[in-house]
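Asker: These are the residues of each chain, in order.
2 protein chains.
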Amino acid sequence: MTQFGQREAWIRELLAEAGQACLDDTGVPPTEIEHLYVANMASGEFEGQTGVPNALAHDLSCLPAYAQRVDQTSASGGAGIYAAWQSVASGASGMTLLVGGEKMTHRSTAETTDVIASLTHPVEYKHGVTLPSFAGLTARRYLETTDAPRESLARVAVKNHRNGVDNPHAQFRTEITVEDVLASPIVADPLRLYDFCPITDGAAALLFCPVEVAAEYADDYAVVAGIGGATDTHVVHERAEPTTMNAVVESGREAYGMAGYGPEDVDVAELHDMFTILEFLQMEGLGFAEERRAWEAVEEGRTEREGELPTNTSGGLKSKGHPLGASGVAQGYEIYKQILGEAGPRQVDADVGLACNVGGFGNCVTTTIVEAGA
Amino acid sequence: MTQFGQREAWIRELLAEAGQACLDDTGVPPTEIEHLYVANMASGEFEGQTGVPNALAHDLSCLPAYAQRVDQTSASGGAGIYAAWQSVASGASGMTLLVGGEKMTHRSTAETTDVIASLTHPVEYKHGVTLPSFAGLTARRYLETTDAPRESLARVAVKNHRNGVDNPHAQFRTEITVEDVLASPIVADPLRLYDFCPITDGAAALLFCPVEVAAEYADDYAVVAGIGGATDTHVVHERAEPTTMNAVVESGREAYGMAGYGPEDVDVAELHDMFTILEFLQMEGLGFAEERRAWEAVEEGRTEREGELPTNTSGGLKSKGHPLGASGVAQGYEIYKQILGEAGPRQVDADVGLACNVGGFGNCVTTTIVEAGA
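As they're listed, the protein sequences go chains W and C.
For the first sequence, position 290 matches number 290 in our numbering, and the numbering has no gaps at all.
Here our numbering runs 1000 ahead of the position in the second sequence, where the first position is 1.
Hints are supplied without guarantee of correctness; some may be wrong.
As the list claims (entries may be wrong) - Some, not all, of what chain C presents toward chain W, calculated at C-beta under 10 Å:
#1 V1028
#2 M1041
#3 G1044
#4 V1070
#5 A1075
As the list claims (entries may be wrong) - With the Cβ distance kept under 8 Å, some of the chain W side facing chain C (calculated, not the full set):
#6 Q3
#7 T73
#8 A92
#9 G94
#10 G226
#11 A230
#12 H234
#13 V235
#14 H237
These are calculated hints, taken from the structure and not from any lab test.
Think of the CB as a built atom: it goes at the ideal place given N, C-alpha and C, for glycine as much as any other residue.
In isolation and in its complexed conformation, chain W is listed as follows (with noise of 0.2 Å):
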């Protein structure tokens, strides 16, 4: 993966960086890449470029590859891992390169929020309910429905900014304290601006083949055991409970089933901490928790590097940065590291890894469960 921040770079050359930087990683030269996904929202809306797979073929001297763009929105990178597995595993392709990436900060914190608003339905962006009033909103429901303390929401954003210290490529390695949060700026009350993820650019990629491939090319590798996607409503307010975040329930299920195990057996998970609250409810929809107890994990510091589920150990998307096309892939190339160990001060033992990455406010969620080859 690049470096995660504000750029000077372009969506191509952030994607080429990345993409270069995997086929260097792994030996694998370009001409044999059969599939390219390239993973992005929206680099039309942000910078009038689009046909970017095209361009990358192009740029990484991939040619005759076939390219293809994949957007799910924030979760395009999770999409993308999705694609890709499944370019392989339906014998379409060999050797798959997917890079995700997106060019944001150069825009306006107006105008980018309003391109992500797009996806939002009409009915609810018409009174002003972006994602982050859907984050306060649902804040809000939890802490009044459980025993949780607003700080505990807080212990997420100091958890993953402590994590994210330790990463090279993270956009702040900065630690922030429980004080900080509460002292941050009311965005979407009773969320302020520490409890949500900043605007980024940046890109990630990750390579795929059948695991006889793999092995030629390399003594440790990591395997998708399961993976699953699903939807939940385009009107958020139509959901019953908008706590349960139903496309993480089912992306989940999907996931294990193929694994043939549970959330038991999951040592590290990188979680869609686009809003502090998300962790909670992918914690709880995904079986890391019970019902409304997800708060209880993190005060007990469960979650640390330290403890039984290490979660976001990159520094997740709070610290590390939310370039939405990127974000699943980056999930998985953390998931790939601490598999691999090769985290550095970063690494917790880990032999299963999961990775869950969320479009909109849980409207499309794809799940990938990752675990030690060879």
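Mind docking chain C on chain W? Use the hints.
Answerer: Same frame as chain W, but now just chain C:
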């Protein structure tokens, strides 16, 4: 497929109309849909609406089906066929709905053309070389390096308009003459207005499942016998010979290889006639005519409905219209109808059909070969 043309409906409504028609036509309940792919180039740029796969899953009551957007610019529909096929062939989905669509006519021609031109490389775009310009330059080279008369290009448009008269979904159901083409305004010399497809709103849908499942729902169905995709240089002027479309050749080679037969076994073809010259280049790239001899086949009537390889029986993009994300899916729809003997007055004698969907100026291409099942 929906009526193509200038429609009052927005992209969500067009997609839902085609998707619902497909479910009604096949008798498959929406709850059976496991994966939903939306082929669409630019709903965000054209309409400020993203996240349309999520919206469509909601509108069609397919929840919690996995939903994702496939973008390959003007070849998004063909890429959607490839994605849908991979989802079934990989075992990820037992029933996949593909809906392709685009809503364009509410924007000015200048705005629409500029969105499409955003897929070109900046080094060419900044000189004003948009897709129609490439078509003009390439047509001139073709005419200068072959014995083809200018009229042979016009005959592609005349043939496709004649076919479109018998397609109730086509945007233009009017015959035109060679004289009409040659008298129409110059767009990119030597090509004139009637050498170009129109700007169109519309959507089309196809349903994919394993063959044994198809047999449960229908006596007659079509089988994907071969499929392949490829990419050519992003910078068009870097190509050794602009009249040879490498991505057409390569995607065809893959599709024929998978099918186990060649162009001589194809009975009917839908080619991407965004510009008349493209029909020649695809005929040659796919082996339907020798290099630089496609014009002869057209002059001799071999691609007419009564000829040996009826081409663009639907009316093609020229007369049926070209709603970007819908076009590749609508090509598949026409081949499906022809193979099943349901093409009404357009019906030709066909057991095997081929669809070639082209993005950019041959930048990315998907070729699909379909044959009758059961």
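Asker: If a hint holds in the structure, say so; if it does not, say that too.
Answerer: Hints, one by one, checked against the model:
no.: 1; hint: V1028; verdict: violated, 17 Å
no.: 2; hint: M1041; verdict: holds, 7 Å
no.: 3; hint: G1044; verdict: holds, 5 Å
no.: 4; hint: V1070; verdict: holds, 6 Å
no.: 5; hint: A1075; verdict: holds, 9 Å
no.: 6; hint: Q3; verdict: violated, 24 Å
no.: 7; hint: T73; verdict: holds, 5 Å
no.: 8; hint: A92; verdict: holds, 5 Å
no.: 9; hint: G94; verdict: violated, 12 Å
no.: 10; hint: G226; verdict: violated, 11 Å
no.: 11; hint: A230; verdict: holds, 4 Å
no.: 12; hint: H234; verdict: holds, 4 Å
no.: 13; hint: V235; verdict: holds, 7 Å
no.: 14; hint: H237; verdict: violated, 12 Å
Of the numbered hints listed earlier, those contradicted by the structure are 1, 6, 9, 10 and 14.
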